[in-house]
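Assemble the whole structure, with the sequences as input and the hints as a guide.
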Amino acid sequence: TIDSRLQKYAEEAVNNQMRILQRRFYSVWGDEDPWEDSEGNKIDYPARAVKNIDSYKYLTGKYKNQPDSVEYYLNLKKKMKVFTWRGDRDTTFSTMDSIGYYGKILNTGMMTLDPFNGKIKVWIGGINNKFFKYDHVNQSKRQAGSTFKPFAYLAALESGMSPCDTFEDRPVSIAYQNKGKTEYWEPKNADYTNSYRQMSLRWAMGKSVNTITAQVTEKVGWDNVVKWAKECGIDSHLQSVPSVSLGSNDVTVFEMVRAYGTFLNKGVRTDPILVDKITDQDDNVIEEFVAKTKRVLSEEMAWLMLYMFRGGMDEPGGTSQALWEWDLFKKNNQIGGKTGTSSDYVDAWYMGITKDLVTGVWIGCDERTAHFKNG
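Okay, so the sequence shown: first residue is 1 according to this note's numbering, each after it adds one.
Treat the hints loosely; a few may be bogus.
[Said to hold, decoys possible] The calculated lysine-lysine pairs, modelled on PhoX-like cross-linking and capped at a C-alpha distance of 25 Å, are:
#, residue 1, residue 2
1, 51, 78
2, 42, 119
3, 79, 104
4, 81, 130
5, 78, 57
6, 130, 77
7, 119, 266
8, 64, 81
9, 51, 8
10, 227, 141
11, 355, 294
12, 81, 133
13, 292, 227
14, 266, 230
15, 42, 130
16, 292, 141
17, 119, 78
18, 188, 42
19, 133, 8
By construction, these hints were calculated from the structure, which means they are not laboratory data.
Here it is, written out as structure tokens:
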């Protein structure tokens, strides 16, 4: 089902943009290592990661009670071929050098779906399959960040609210039970400020206001956010917690694209397919495949959600407005979408919707302690 033209454009875009983002990542950190815990404390990632590789297990078995020998061989430089953004490169690295080098490389996953028939049009599992044999579309699970917020707003609309209903952007403190104890969750906006303005649901989602999303989640119940995310197409286990709508759970790009496709397909969830038919050498059809579908939302609800998504372009401070510079609005083309950044800027997402396609993109390091310093 892959569209060769779209796949080519997507691969070119990924190659060009990932180079830019990698340079930006290096410039942000300079000579400093990017591996930190949630408190900002430095982590010796190579020292931790090396214990999981075969050569470390071999060396520690061969040189029992001889840590100096193990360290010597792990730091012994040897010729190897490594990935670079300009192609394969022959260099001289030690095992520890290699772990540190690859621990700073940004990767990505991207998928485009036609939700009306379930055909996958673009699939990019990573930056280079030769060096990174891991699919970041359907294998890798990462925190979805704010791309998960629409499920809270969907739950709100399903409960009877409208896109025009308002909440105040103010500090919030939400009480919840954790192992029998009352705890409090106090989410902050991305810029750590509050406007104290009354904002419509559409504006709040378009601007990605955390405090209002948290209030909406509390009002509809985090169990309902989980329920509607599951209905739309999220299969991964979701913890029903106050922060669920801010994307605290791990999901795949594949799941997110399927779920967003439900909104575009008038409330019908469609299971994506990669193969639509199998033929023999004489073009006789051996087998055909049709995507499985299920109605999970009313057409009206799906339309309202598309209206909400366009708020990222239309509402003041909408987080999708960087797309204006790309001149994508010819022939009255309408675009909706949602940005997402996980805690500590570890993961970056964008979910885009046009009149006939849904695309999801994730970017980040495979090592989760590596992160940007800002969004």
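Hint consistency between residue 81 and residue 130 [alpha-carbon to alpha-carbon, up to 25 Å]: Within the cut-off at roughly 11 Å; holds.
Straight-line alpha-carbon gap residue 130 to residue 77, limit 25 Å: holds (22 Å)
25 Å limit on alpha-carbon distance, applied to hinted pair residue 51 and residue 8: Violated, at about 39 Å.
Straight-line alpha-carbon gap residue 355 to residue 294, limit 25 Å: Within the cut-off at roughly 20 Å; holds.
Residue 266 paired with residue 230 [C-alpha distance capped at 25 Å]: With Cα atoms ~17 Å apart, residue 266 and residue 230 stay inside 25 Å; holds.
Restraint check for residue 42 with residue 130, where alpha carbons must lie at most 25 Å apart: violated (30 Å)
Residue 81 paired with residue 133 [C-alpha distance capped at 25 Å]: This hinted pair holds, its Cα atoms lying about 16 Å apart.
Given pair status - residue 141, residue 227, alpha carbons within 25 Å: holds (19 Å)
Straight-line alpha-carbon gap residue 292 to residue 227, limit 25 Å: With Cα atoms ~20 Å apart, residue 292 and residue 227 stay inside 25 Å; holds.
Holds or violated: residue 64 to residue 81, with C-alpha atoms at most 25 Å apart: Roughly 30 Å separates the two Cα atoms, so the pair is violated.
Agreement of residue 292 and residue 141 with the hint, judged by alpha carbon distance not exceeding 25 Å: holds (23 Å)
Agreement of residue 188 and residue 42 with the hint, judged by alpha carbon distance not exceeding 25 Å: Status holds; Cα separation ~24 Å.
Comparing the model with each earlier hint shows violations of hints 2, 8, 9, 15 and 17; every other hint is respected.
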